[in-house]
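Based on the provided sequences and hints, a complete structural model is requested.
The lines below spell out each chain.
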Amino acid sequence: MSDPAAQQAGNGRDAVISARGLQVGFGGKFILDGLDIDVWRGEILGVVGGSGTGKSVLLRTIIGLNHRQGGTVALFGQDIDAASQQERVQIGRRLGVLFQQGALFSSLTVLENVAVPMREHLHLPSELVDELARLKIELAGLPSDACGKYPSELSGGMIKRASLARALALDPDVVFLDEPTAGLDPIGAAEFDQLILKLRETLGLTVFMVTHDLDSLVEITDRIAVLGNKKVLVDGTFKELKSVDHPWVDAYFNGPRAEHLILK
Amino acid sequence: MGAASVSGEHAGIGERADADGHAISLTGDWTLDTVGSAADMLAKAYLPQGGVLVIDGASIGRLDTAGAWVVEKARRQFVASGVTVRFEGFPPSARTLLAAVEPLAEKPLPVPAKELPLKWLLSRVGQETAELVVDAVAILAMLGEVIVSFAGMLTFRRRMRWPALFSHVGRTSMQAVPIIGLMSFLIGMIISQQGGFYLHTYGADVLVVDLVGVLTCREIGVLLTAIMVAGRSGSAFTAEIGSMKMREEIDAMSVLGLSPVDVLVLPRLTALAIALPILTLVADLSAMAGAWVVALFYIGIPTDVFIERLHVSLTVTQVMIGFTKAPFMAAIIGLVACSEGMKVKGSAESLGEHTTASVVKAIFMVVVTDGVFAIAFATLGI
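Going down the list, the protein sequences come from chains A and B.
If you're matching positions, the first sequence starts at 1 in the numbering used here and goes up one per residue.
If you're matching positions, the second sequence starts at 1001 in the numbering used here and goes up one per residue.
Just so you know, the hints here were simulated from the structure itself, not pulled from any lab data.
Just so you know, not all the hints are guaranteed correct.
[Unchecked claim] If you want the footprint, here are the derived chain B segments under chain A, 3+ residues with CB under 8 Å:
1. 1022-1035
2. 1059-1066
3. 1088-1097
4. 1337-1349
Note that the Cβ used here is the ideal one computed from N, Cα and C, for glycine as well.
Below, the structure is given as C-alpha cells:
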C-alpha cells in the first residue's frame, strides 16, 4: 500500500515463489493441504493465521526445512524437486531467512555471524568479507560497536537486526521473516518496519513475512494472505480484508485491536 | 536486480580521458560473485593526480551492496588523495544503493591491541591462578549450600524432591550397571592374567587371588567406578544445569522462590551418594568374577582354592575402605558438576567448555582424593 507500483502485484508480474497444492503433515495429520500461494517480485507479503494454522510450517516448507507430502514449490521459476544439487545451492543463496529467535551462532561475534555465509560460499579476500559484513550490520541499523559483541550480549531488538544482517549477507532476492517484530517495543517495532521498507527500496527485496503485528501489516505489507482450513483462505490488502465475510478474518481485521488503526 | 543468473558477467573497467578530467566506466556485473578481483582493479585504474574523476555507470550490469561498497571504497580512496569524484550515468536503483552505502562504515573498527607474548603469558598464569581460587570458593560455597539444604530437609523445614531423587538414582545407578559391570569384569581379568603371569615365575600363582581381591576392593573398584560416573553422570549434570542456565530457567526458579540448590543440586548429589556405593559393589563383584574366570581357565586355580584364598586375604576392613571412599567421591563429582553447570554463560561453546571442565576436574579430584585416603589409611595403620 505504501508503494503504488507494488499494489499492482500479480498483474503481469513474475512470481519469485510459487507453491501449488502443498501438503504438509506430521504424524498422519495434515497441517497444510492443497495450499496454493504466489509471491510476486518486489512485494511485501504478510502471512497471518490463528495459532497452529501452519504459518511457520509454510515458511519452513518453502525454504525446504520441512518435508512435503505433496505439491510443488517453484522458486525463481524453477521447480525445486527438478533442480540439481548445485542449482539448489544457487537458489538457496538467493534466499535469506530471519528466524523467530534470531538463531545467531552463539559462539561467534555478530561480525563473524554475518561473515559466515560469505566465507562459506565465496572466495573473497578476508578483509573484504569483514568490510561487507560490517556494511550489512550497519545497513541493518546496528551501531558499528555491535560488531565485536556476542549474541548473548545483545538485546532482543539487536538480535533481530543482527540476524537480519546475516540474512542479507549474500544479497538475497527474497527474505523470509518469521515474526520479525514479536517481542520488540512499539518504537523498536516501528523502526524495524521502516528498516524493512528501506531495504526493500534500496536492495529491491521481496519479503515474505509471517507476523501478528497489526501495525506492521498496515504499515508495510502490500498484500496479506490469511491461512486457515489448511490453505490460503483469502488474500488482499488490509482494506480489502476488512470487508471479507469470514468469521475469523472479520474478527482479526475488525477486532478491537484493529479498530483504531489508521489506514493510508 | 536479481533477474539474471547468479554467476553473471565479470566486472570490468573502461578508461577514457574527458575534456575536464579523467573518466572510468564500469561494465559487467558488480556483485558478490564478481567483485573479488574488481576491488583492486578499480583502485589501480586511476592514479590520482588531483582534478576531477568521473565514474560512469551507464553500461553497468547488475550492482549489489558488495559492488556498491567496492565502488564507494574506491571513491573514498580517490577523495582522500585530493581528487573530486563524480558518479554519472548510474541507473536509479544503483544510485539509491550507492547513496545508502555512502554513510556506512565511516570509521575503521577498533583493532584489539596486541599484547607482548611475555605479558600475555604472565597475565594468563595470573588469571588461571585466580580462577583456581574462584573455583575452590565456588565448590565450597556449593558444599555449604548443600549442607544447609540437607540439614533443612532432615529437620523437615525443606522438602526433599523425591521424584527427582528417584529418577536420578535410576539414571545414575541402574542404567550404569551394565557398562560398569562389563568394564570391571575385564579389568579383573586383566589384573588376574598379568598378576598370574609374573607370580608364576615365583611359583606363587595362588597369590593372584590376594592381589585381585585387595587391589579391586580397596582401590581399583571404587576408583574406576568414580571415573566412569564422572564421565557419564557428571557430564550429564553439567549439561543439564548449564542449558537450564542458558535459557534463564535457573533465574526463573530463584524468582519463583525455589532454591536451585534444593531443586537441582541436592537430588543429584544425594542420588550420586546412593549410586556410587551400589556401583562400587557391582564393580568389585564383577572384577572378582573376571579374576575367577582367568584363575580357573588360564592359571589353573580350582574354584574352591580361589574362594578359600579370598576368604583368608580379603578382610572386611579392606572392603570397607573401598566403600568409605565412595560417598566422598560422589560428593566431589556432584559438586564439581553442579558448580560447573552454574557457571555456563550464554553460548553453546561455553556449555561445551564447562562440561569438559566438569569431567576433567572431577576425575582429577577423585584421583587426588584416593591418594589422600591412601596416605591417611597408611598413617592410621589400617
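Now the hints, each set against the structure:
1. With a cut-off of 8 Å between beta carbons, the region 1022-1035 of chain B has 4 residues touching chain A; three or more are needed, and the interface restraint holds.
2. Here's how the region 1059-1066 of chain B fares: 3 of its residues keep a CB closer than 8 Å to some CB of chain A, so the rule of at least three is met and the hint holds.
3. Counting residues of the region 1088-1097 of chain B whose beta carbon lies closer than 8 Å to any beta carbon of chain A gives 3, which meets the minimum of three for the stated coverage.
4. With 5 residues having a beta carbon nearer than 8 Å to a beta carbon of chain A, the region 1337-1349 of chain B meets the requirement of three or more and the stated coverage holds.
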